[in-house]
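In case you want the letters, here they are:
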Amino acid sequence: GESVGLHLPTLSVQEGDNSIINCAYSNSASDYFIWYKQESGKGPQFIIDIRSNMDKRQGQRVTVLLNKTVKHLSLQIAATQPGDSAVYFCADPQRGGADGLTFGKGTHLIIQP
Amino acid sequence: DTEVTQTPKHLVMGMTNKKSLKCEQHMGHRAMYWYKQKAKKPPELMFVYSYEKLSINESVPSRFSPECPNSSLLNLHLHALQPEDSALYLCASRGTASYEQYFGPGTRLTVT
Numbered sequence: 001g002e003s004v005g006l007h008l009p010t011l012s013v014q015e016g017d018n019s020i021i022n023c024a025y026s027n028s029a030s031d032y033f034i035w036y037k038q039e040s041g042k043g044p045q046f047i048i049d050i051r052s053n054m055d056k057r058q059g060q061r062v063t064v065l066l067n068k069t070v071k072h073l074s075l076q077i078a079a080t081q082p083g084d085s086a087v088y089f090c091a092d093p094q095r096g097g098a099d100g101l102t103f104g105k106g107t108h109l110i111i112q113p
Numbered sequence: 001d002t003e004v005t006q007t008p009k010h011l012v013m014g015m016t017n018k019k020s021l022k023c024e025q026h027m028g029h030r031a032m033y034w035y036k037q038k039a040k041k042p043p044e045l046m047f048v049y050s051y052e053k054l055s056i057n058e059s060v061p062s063r064f065s066p067e068c069p070n071s072s073l074l075n076l077h078l079h080a081l082q083p084e085d086s087a088l089y090l091c092a093s094r095g096t097a098s099y100e101q102y103f104g105p106g107t108r109l110t111v112t
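First to last, the sequence lines map onto chains A and B.
If you count the first sequence from 1, position 60 lands on 60 in our numbering, and the numbers rise without skipping.
If you count the second sequence from 1, position 104 lands on 104 in our numbering, and the numbers rise without skipping.
Just chain B, same shape as in the assembly:
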């Protein structure tokens, strides 16, 4: 199974809402990532988890809160977002054998 799954596929939330994005992989990968992708732009790294520990936070605002409950799951908790946070949020994972990252289909987030 070389699949990374993400839920929900689409999410619309107000600026006062709290929501969570979920990511799951069963490839035994111990590195997992969150990227943000605006329209017609490349993905931009947000967070890196290595062996369930946060190793990189690319100066992401605290209204985004990542969590790695176990080696297969990665969450992104959202609170008090702004309309400019509307984007495609991509999850990826990587094994130790190569630098290739496997990406999920993304969650299309709209903040109203």
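Here chain A stands alone, though its shape is the one from the complex:
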């Protein structure tokens, strides 16, 4: 069945360094992925998305890379700041998006001063 998973539950990085959060998926038919950020006590917040016809997409300080061959995507955060501390989820819209999101397990990003 379809699943979206993350390699590491916790990632600790120094402030100012780059962060890389990974996500693996199993459904070859998945054609769209979203990264969400969830800060403590808040709902998930959209960061960036990518379609399967793309290998890379850049936003403000964030880049998502998609490797369809190995069914892997990653979120890169440049110059990590204290405000980046949160849990990051990759998500896959089921059956075209109207049917809800399937979330990966999540990675807790911890920023060290």
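The reader is advised that the hints may include incorrect statements.
[Unchecked claim] Under 10 Å between C-beta atoms, here's a sample of chain A residues computed to sit facing chain B:
no., residue
1, Tyr36
2, Gln38
3, Phe89
4, Gln94
5, Lys105
[Stated by the list, open to error] Each computed DSSO-like pair below joins lysine-lysine, with the alpha-carbon atoms no more than 30 Å apart:
no., chain 1, residue 1, chain 2, residue 2
6, B, Lys9, A, Lys42
7, B, Lys38, B, Lys9
8, A, Lys68, B, Lys40
It should be emphasised that the hints constitute simulated quantities derived from the structure, not laboratory data.
Note that this is a predicted model, so its numbers are computed, not measured.
For each residue, glycine too, the CB sits at the ideal point set by N, CA and C.
Add chain B to chain A, keeping to what the hints say.
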């Protein structure tokens, strides 16, 4: 306005109580969702409403009863809950232009 609001922020209820969670959005989105999130876990889909009609029920127990009175509002009626139902309940909405879902801040529910 790209905000989804949820009330109450926190709710404590006994196992014999009846309560309701409310969600509201004014973005004109016609798809609305309820998710349940346990501590240190990802959100899990419970219900999907599309054009005010229930389209998905992810085998949720009948003690959770969703309602969509109009295109802006989504309720979740709670009755005879169990302590294991304690969780963060998230509401989300989505427009037709993208797959992005907008989430509310959630209601932190504790069942005693």
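Hint-by-hint comparison with the structure:
1. Tyr36: 8 Å, holds
2. Gln38: Status holds, d = 8 Å.
3. Phe89: At about 6 Å, which falls below the 10 Å cut-off, the nearest Cβ of chain B leaves the hint on Phe89 (chain A) intact, so it holds.
4. Gln94: Check passed: Cβ of Gln94 (chain A) comes within 8 Å of chain B, closer than 10 Å.
5. Lys105: Interface hint status for Lys105 (chain A): holds (6 Å vs cutoff 10 Å).
6. B:Lys9 <-> A:Lys42: Distance ~10 Å between Lys9 (chain B) and Lys42 (chain A) Cα, so the pair holds.
7. B:Lys38 <-> B:Lys9: Holds - the C-alpha atoms of Lys9 (chain B) and Lys38 (chain B) are around 16 Å apart, at most 30 Å.
8. A:Lys68 <-> B:Lys40: 28 Å, holds
In the structure shown, no violation is registered for any of the earlier numbered hints.
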